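2 protein chains.
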Amino acid sequence: MSNVDASDSAAQGLTRLNRWKACGGFFEQYTHPSSSTNTAMRFTVYFPPQSAHKPVPVLYFLSGLTCTDENVVQKGFVQSQAAKRGLAVVCPDTSPRGAGVDGEDESWDFGTGAGFYVDATASKWSRHYNMFTYVTQELPAILHRHFPTALLPDARSICGHSMGGHGALVCAMKTFLSQGGPPYKSVSAFAPIAHPTACPWGQKAFGGYLEGDQGAGKAGEGWDATLLMEREGPFPFPLLVDQGTADTFLEGQLMPEALEKACASKGQDATIRRQDGYDHSYFFISTFMADHIDFHANALGLPRE
Amino acid sequence: MSNVDASDSAAQGLTRLNRWKACGGFFEQYTHPSSSTNTAMRFTVYFPPQSAHKPVPVLYFLSGLTCTDENVVQKGFVQSQAAKRGLAVVCPDTSPRGAGVDGEDESWDFGTGAGFYVDATASKWSRHYNMFTYVTQELPAILHRHFPTALLPDARSICGHSMGGHGALVCAMKTFLSQGGPPYKSVSAFAPIAHPTACPWGQKAFGGYLEGDQGAGKAGEGWDATLLMEREGPFPFPLLVDQGTADTFLEGQLMPEALEKACASKGQDATIRRQDGYDHSYFFISTFMADHIDFHANALGLPRE
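Here the protein sequences line up with chains A and B, keeping their order. Positions 21 to 325 (our numbering) are the ones given, in order, by the first sequence. Positions 21 to 325 (our numbering) are the ones given, in order, by the second sequence.
One thing to keep in mind: the hints can contain errors.
Intra- or inter-copy, both count: the list cannot distinguish identical chains.
[Stated by the list, open to error] With a Cα cut of at most 20 Å, we get these calculated DMTMM-like pairs of lysine to aspartate or glutamate:
(1) K95 - D299
(2) K104 - D311
(3) K286 - D139
(4) K238 - E250
(5) K104 - E158
(6) K281 - E241
(7) K194 - E158
(8) K104 - D296
(9) K194 - D289
(10) K224 - D129
(11) K144 - E126
(12) K281 - E252
(13) K224 - E126
(14) K238 - E252
(15) K224 - E241
(16) K194 - E241
(17) K194 - E280
(18) K286 - E231
(19) K74 - D174
(20) K281 - D122
(21) K74 - E250
Since the hints were made in silico from the structure, they are not lab data. Here the structure is a predicted model, which means the values were calculated and not measured.
Just chain A, same shape as in the assembly (with noise of 0.2 Å):
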């Protein structure tokens, strides 16, 4: 269904581990070095049926804390509604995976598993724990340069879970911000961590990986979504974001009261939902997985079914 042969990409530095047939397309798993986190990575792409005739656009998930590439993959079932509207969903790890840093492994909300998508100033860290860069720039250029039939170059959106969906909000308004146009049509999140700066997760990932950060916590603040809300928006595309009224991280981790008032001042495109009774699970994201994916697949211009 995608356009690469295994033997020729292994030769380029991408090696697939697996492949599913899933609702007419194919879960396809690689993995390839990486110039960003200097180890290897691993991601995974759901090709829709239709990419096997026609590129197609795309859509990055950012997992979140403990999560690799996987947890998406199995679990939030993206693939019914992508191979309906023809949307491919790209699915990175969430940070380089024994890059062998002293402590990377003490802490399951910092280290491996918790890149936070930033790329790292801390000099302990800055040579593999970029995962803004990896995800942003890197990934893309790899993902069009080995399934060109398969894959739009410049139709990306982007989408993710607790510390992913922050990454996806920053991912986004970032790169609009540096490049003057938006590589990314449109943001969704469920969960999000929405103003890291404020709460514990955020303070002690941009702590440990932010040079400058520890203490006042300045350096963090051009990577938390509610302040590049505040200080940077409205920007020009659409935002949506779930938020389960029964998740247990709601209280003190994840405020997505701050990031909703930040895109109230700015009269920011902004759709935030409280969803009854729903928890932190994947067992939330699959429940609201095909709105999310129609939100971008529109976004994207792809026709309606």
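Given chain A's structure and the hints, the job is docking chain B onto it.
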């Protein structure tokens, strides 16, 4: 959503372990002491939104080798269509756990995680490995005692995967033969081990669990879906089977052609489909799960959407 009070249930031997909202309904996971297996047993139920207001029919889903109740709950995506049609889905575990039978943890395809949905007669296994009685009698009785306003007692269908696909076929056939009426209104299977007396998985399981099945294999004939169909068919319920053509277990273990031939020779109401390019995984199952939910919902008389 369900009608059990957790503290009351614990007093009656049923303890709730988890509860997750999904597609407007709830997955609820329980453990209880079992009189069939003389161990604790675990199961998960999907209560669709409709079950909050009136009792609904129940689909049993029997999982395959190495699985627990959680595999189909996490990866089968039963909830989307079950919520639309108003069908509860009950997911039992695949064997007793920690029964203490010597050798039960030595093989991935025999003992723990591999109960094969038979009642063991070999003395070593017969105190614990009685998954047929557990699934067809004890568990339905427990459910209807604890959830009388959420689940209908007499509207029941059954489905399964691989070992559990075969289990579903045999549970439906044998309860019809023993009770003279069909407690299951319909039966379906993903990639069932369709003729176990003729394949290595089945020969190993029956040779271990069934007294007198070591050698000639006569004891297993009463637990083989293809032989039951040949000898006792047709049965008064419709049958749906999906089989992936890229399933690595198709040759040598699954033998859908034997069941197909038996159904044809008896005039059984059966649809046996080959699905091009699909393997044995939950990506295959989740792709066709909505079809199976609809098949059972129709047989159970639920209104179409």
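request  = State whether the alpha carbon distance between K194 and E280 is at most 20 Å within one copy, between copies, both, or neither.
outcome  = The answer is within: 19 Å in one copy meets 20 Å, while 58 Å across copies does not.
Intra- versus inter-subunit Cα pairing at 20 Å for K224 with E241 = For K224 and E241, the Cα distance is within 20 Å only inside one copy (14 Å; across copies 62 Å).
message = Checking an output row: K238 and E252, CA cutoff 20 Å. Within, between, both or neither?
response = within (16 Å within a copy, 77 Å between copies)
ask   = Is it within, between, both, or neither for K194 and E158, if the alpha carbons may be no more than 20 Å apart?
value = within (15 Å within a copy, 58 Å between copies)
key: Within, between, both or neither: K224, D129 at alpha-carbon 20 Å   = So K224 and D129 pass the 20 Å test inside one copy only (8 Å; across, 45 Å).
inquiry  = Treating 20 Å as the Cα threshold, decide for K286 and E231: within, between, both or neither.
reply    = neither (30 Å within a copy, 75 Å between copies)
query = Taking 20 Å as the upper bound on the Cα-Cα distance, should K104 and E158 be classified as within, between, both, or neither?
reply = So K104 and E158 fail the 20 Å test inside a copy (28 Å) and across (41 Å) alike.
request  = Evaluate K74 and D174 at a C-alpha cut-off of 20 Å and name the case that applies: within, between, both or neither.
outcome  = within (14 Å within a copy, 51 Å between copies)
request  = Up to 20 Å between alpha-carbons, please classify K144 paired with E126: within, between, both or neither.
outcome  = Classified as within: same-chain Cα gap 15 Å, cross-chain 45 Å, threshold 20 Å.
request  = Tell me, please, which holds for K281 and E252 at an alpha-carbon limit of 20 Å: within, between, both or neither?
outcome  = within (14 Å within a copy, 68 Å between copies)
query = 20 Å Cα cut-off: does K238 pair with E250 within a copy, between copies, both or neither?
reply = This pair counts as within: shortest intra-copy Cα distance 15 Å, inter-copy 76 Å.
task = If the cutoff is 20 Å on CA atoms, where do K224 and E126 land: within, between, both or neither? Let me know, please.
result = within (13 Å within a copy, 44 Å between copies)
In this structure, the hints that do not hold are numbers 3, 5, 18, 20, 21, in rising order.
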